[in-house]
Structure formats: C-alpha cells, structure tokens
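Protein chains: 2
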Amino acid sequence: MEIIDDVGEFGLIARIQARLPLTAPEALVPSGDDAAVLAVPDGRLVTSADLLLEGRHFRRDWSSARDVGHKAAAQNFSDIAAMGARPTSLLLSLVLPGDMPVAWVEEFADGVAAECAPLGVIVAGGDMVRGDVITISVTVFGTLEGRAPVLRSGARAGDRVCVAGRLGWSAAGLELLAAGTPGHSDFLLAHRRPSPPYAAGPQAARAGATAMLDVSDGLLADLLHMAVASGVAVDVDSTLLPVAPGLRLDQVLTGGEDHALVATFRPGAPVPESWQAIGTVYAGPAAVTVDGKPWEGPAGFSHFGKQ
Amino acid sequence: MEIIDDVGEFGLIARIQARLPLTAPEALVPSGDDAAVLAVPDGRLVTSADLLLEGRHFRRDWSSARDVGHKAAAQNFSDIAAMGARPTSLLLSLVLPGDMPVAWVEEFADGVAAECAPLGVIVAGGDMVRGDVITISVTVFGTLEGRAPVLRSGARAGDRVCVAGRLGWSAAGLELLAAGTPGHSDFLLAHRRPSPPYAAGPQAARAGATAMLDVSDGLLADLLHMAVASGVAVDVDSTLLPVAPGLRLDQVLTGGEDHALVATFRPGAPVPESWQAIGTVYAGPAAVTVDGKPWEGPAGFSHFGKQ
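Protein sequence lines, in the order shown, are assigned to chains A and B.
Going by the numbering used here, the first sequence opens with residue 3, and the numbers climb by one from there.
Going by the numbering used here, the second sequence opens with residue 3, and the numbers climb by one from there.
Watch out, some of these pointers could steer you wrong.
Claimed, not checked - Label-pair distances were calculated between CB atoms; the ranges are:
hint, chain 1, residue 1, chain 2, residue 2, range
1, B, ILE5, A, ALA180, 34 to 44 Å
2, A, ALA271, B, SER197, 53 to 63 Å
3, B, ALA119, A, ALA180, 44 to 54 Å
Calculated from the structure, these hints are not laboratory results.
Idealized CB from N, CA, C, for every residue including glycine.
Make a model of the complete structure from these sequences and hints.
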C-alpha cells in the first residue's frame, strides 16, 4: 500500500491537485503562487471557515474518505447559503500522518471535487503539513450576487419560521452507527454525506427572508442563536415539523449536522417552494419553545454544550 | 491555573474575541453570523492559508504564546505582501487541548492582535475545536489597491534579483535554541517573531517588479521556485548578499522563515529604497547558482525536502 511518506508532500499535493477543480475565469491567479487572486465582481466577499478532526467530526471506520470530502465541503457551503449567498471557491488545508494511504487522500479529494462540481466551486489554494491527527481546515468564499446578506438578527415578531432541508436524519444515522445496528440506509448516508439545500438560501434571500441560519447544532439550539441575535421569542409547532418515518421528535428538534436552513419570513409574504412553515416569532425575551412550552425532552448532541 | 475546560468553548471564544480587532468599515458583517461579509472595493481578493502545528512549527518552551501569535499572522501577511498587496483581514481557526491554560490562548491572541494593529488588519471569523495538538489555521485576505499582482512567473533574462528584509536570522536563532546556547538575542527574537518587510511588497509592485515571492523555505529554495515558474536561470552574487555579523553564508542562502521578499526588476529600472540587488536573471534551464556555480554547502532546513 502506497503511503504519504512514499510520495512526499509535493508529490501528494500534485496527486490531490489532479483531482480538484482548480481553474475558472474568476481565479485570476489560481493556486500555486504565494497567494491566489480571485475576482469578486460583487465587491463583497462572503467567507467562513471550519475545522474537521478525525475522531471528533468523523471516524474512518464509519465514513469513507469520499464521504469526509463531501462533508467538509458541504458544511462550509451551507454557511454561505445561510447568508443568502452562493459558494464560489474554497481553500483546503490538511494535516495528514505520513503513514496514511495515499488512496485515502485521493478519495477524500474526489469527495471534495464531487461536492464542488454541481455548484461550480473551485479550490484556490491551501496548505499541507504532516502531523498525527487528520485535520481538515476549509475556508469557503461566496458571492451575494448583488443581494443583501440575510443575518441571524433580523427576525421580527409575527414572522413565520420556516425550514428547508432535512432535520434529524444525520443524528439518526449517528445513533445507528454508535449502536452498531444496521438500519435505515438513508439515515446512515445522511450522516456520512449531508445534503444541504444550497439553492434554498439565495431563494429565501430573494423572497425577502428577514433572518436565516444553518442548522448545524440542532434546530432548537440554532433557533436560540437566532432568537438571541434578533431579541425575539420563537415557538415551534411540533405538528408542522417534517418528521420522516423512522425518526423521533427529539431527533428532529435537537439533531445536528443535517445543515438544513431555517429562515423567517414576514407574515403574508409568499414562502418559496422548498421552504415549509414550522413556527412563529413572538415579541418577548429571547427563548425557544415547542408548542408553547420549553422543550424538556432529550437535548441531543451539541458541539458546544450550549443548549 | 485556569484551563480551557473551565471556561468552555463559548467562554474561550468570548475571551479571545475581547483581545482581537473585530470591526472595521470593511467588515460589512463581522464575525458572529454563519459567515462574514467583507467589502472588496478593488473587485479582486488576494488570499492564502497556512497551518502551524505545535512541535513542527513552534515549541512552547522556545516561543511564548505571544511570539506564536505574531508568527502565525506574520507568515500569512508576508504571502500577501509577496503578491504586491496589503493584508486587510484574516480568519483564525484553532485546535486546542482542553487542559491548556486559558492564559496561553489569551496571550496568543494578543500576539495576533499586535501583528495586526500597525497594518489595520481585522479578524473576521474562524472556528475553534478541542483536540490533542495545538493547530493554528490562518486564512488571510489582502487588497491589490488597483495594482496588478506580481507573480513568481514574470522574471526575465537580464532582470536584477533584489531582496528586502532579513536572511538567515531565523535559522541562526533556531540553531541557538536547538543547541541550548544562549547567544545573539536578535537572532532568537527573529526566529520567534519574524518581521517581514510588508511595505516592500506594494513598493516593488509600484516600481514595476517583474516577479516576487516570500522567502519561507530559504533563499535558494525559493529562488528555484521563481526560476521554475519563470523558466529562467538565477545567479546570486555572494559578495552582494546581506550577511549580518555573526551569520554564516549557508544560513543566509538556505535559512527559512525570515519571510524576506525576493523580487526581480528590469535592468536599469530604479530599485525602491528598501530593496538591494543580490543577483541576476539569465536565459537558460531553470536553475539557481551562487557565483556561477551550484551551491554545494549545507542545505539548511527545508519543510518540503525540495532543494
């Protein structure tokens, strides 16, 4: 088996680059110089960064290299969509052990490339360093295409709370993996490769969404971020929630990592097709309730112990 | 001693943010939402990313937390300067062990902030994750202010090769640290906190530099990158090199991490004040020579085994 130490770091960079989309008209200076130069015709750059660590954000025995590549790109693209923007390019930095199979890294790159392809996103640069723990650092760039960004802080009393995308699927998949139970393959796949509703972000922005964010920690936890930033109370109507067959309500309310989008729309404003109403914004101290009451069920997984 | 686990990740983020420059008119949406939105009035973004790992790029017994903060920012700003651009903002992502002193992270943030301050650079976001090895991932952004970027690939036969900044100082400091010898404190300081000649980058661009890069791996190694990218041969005149008292020629030729800038200028073109000529570009297969001969002295430290 060929390992990274066999090909060296420059060799590995060449092998990865061969699999990634590196050029596009907006890459005025692509990867390979001291820095990249990217066209930003909108005059405003949308940018975010995420770290993924082996053992903490993925396990090599639970996810394929390709899955991890998809996930690293997807969770970053979702942050861009949540601003009402479209992802355009990314920087990819990797810490990799020298005794890792080159094939893992190549398949990881294939996963990143496959997530980039339908969106036309390119990889504009990055860094690579030898180290003991696989660490993936992605910085993503996006364009607002002339639109105003949709912040967390714009929700107002009377707004409808709407969601686009899946809730609870990834958490259900993680539970199956942790239990060692073969189960609903759709949930396993959703955990390994989130499929955020990228187009729903710009769609919501065009429809006048007042606030928006990406559900990464769990619906209730992330709605609380919105409630705090906006200074409002949010109530979720459990009868409106999309609870897929095989899911429990607590998974839908608290499961993270599906990267659904949550947005608020003025009452009476038409809600775009991929969005569905799940609750209402009220005046009052920042809080999130379910059917008018605090949620007292299981809290689910939270990266930051914030719930 | 207060450790990270005592304050939690949100607590730590608040403590770090209190020490970093977070706002400026160009931060249209600062850190705190799903993504930041930055004004890019030039319409072109210059961007680069670097990883620093404890044990590989710094040691806590050799460098203070503040030193590491300075260095993490400086090596990224240098990549921007090497394009002829000015750094404007950065994203900072950290992997930190839970049992680390909070004070280390605060002092690290102070170092980043101090390196940002004279340049007016702000921190627009990032990520923080618990893990076993301190890992610092910086993405830096810069502006060309209307200028053309200066690439590695523009050197032409007849050009003068010039340098701005120090050569060999960091390598000499590292040797002293490795030997456990108390020695020239300027070299130790140069290793702990590089001071790249940021202003010399835009200065060279305005003066019509044909090619430019940042000396991170060592003068000869990085000149070879330029020679390969430009398809030219480069000869260094050792009598013109700035060999500071106490340094050896091999340290000046092969020592990395000072982040000097090397640029080429058309013959006869005036060379800006902070630059000094050290060699000449010739037509011929890509190669770097010293006084007309291949360098056969010690190769110095190279991150990538490239020399």
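Numbers of unmet hints, in rising order | 1
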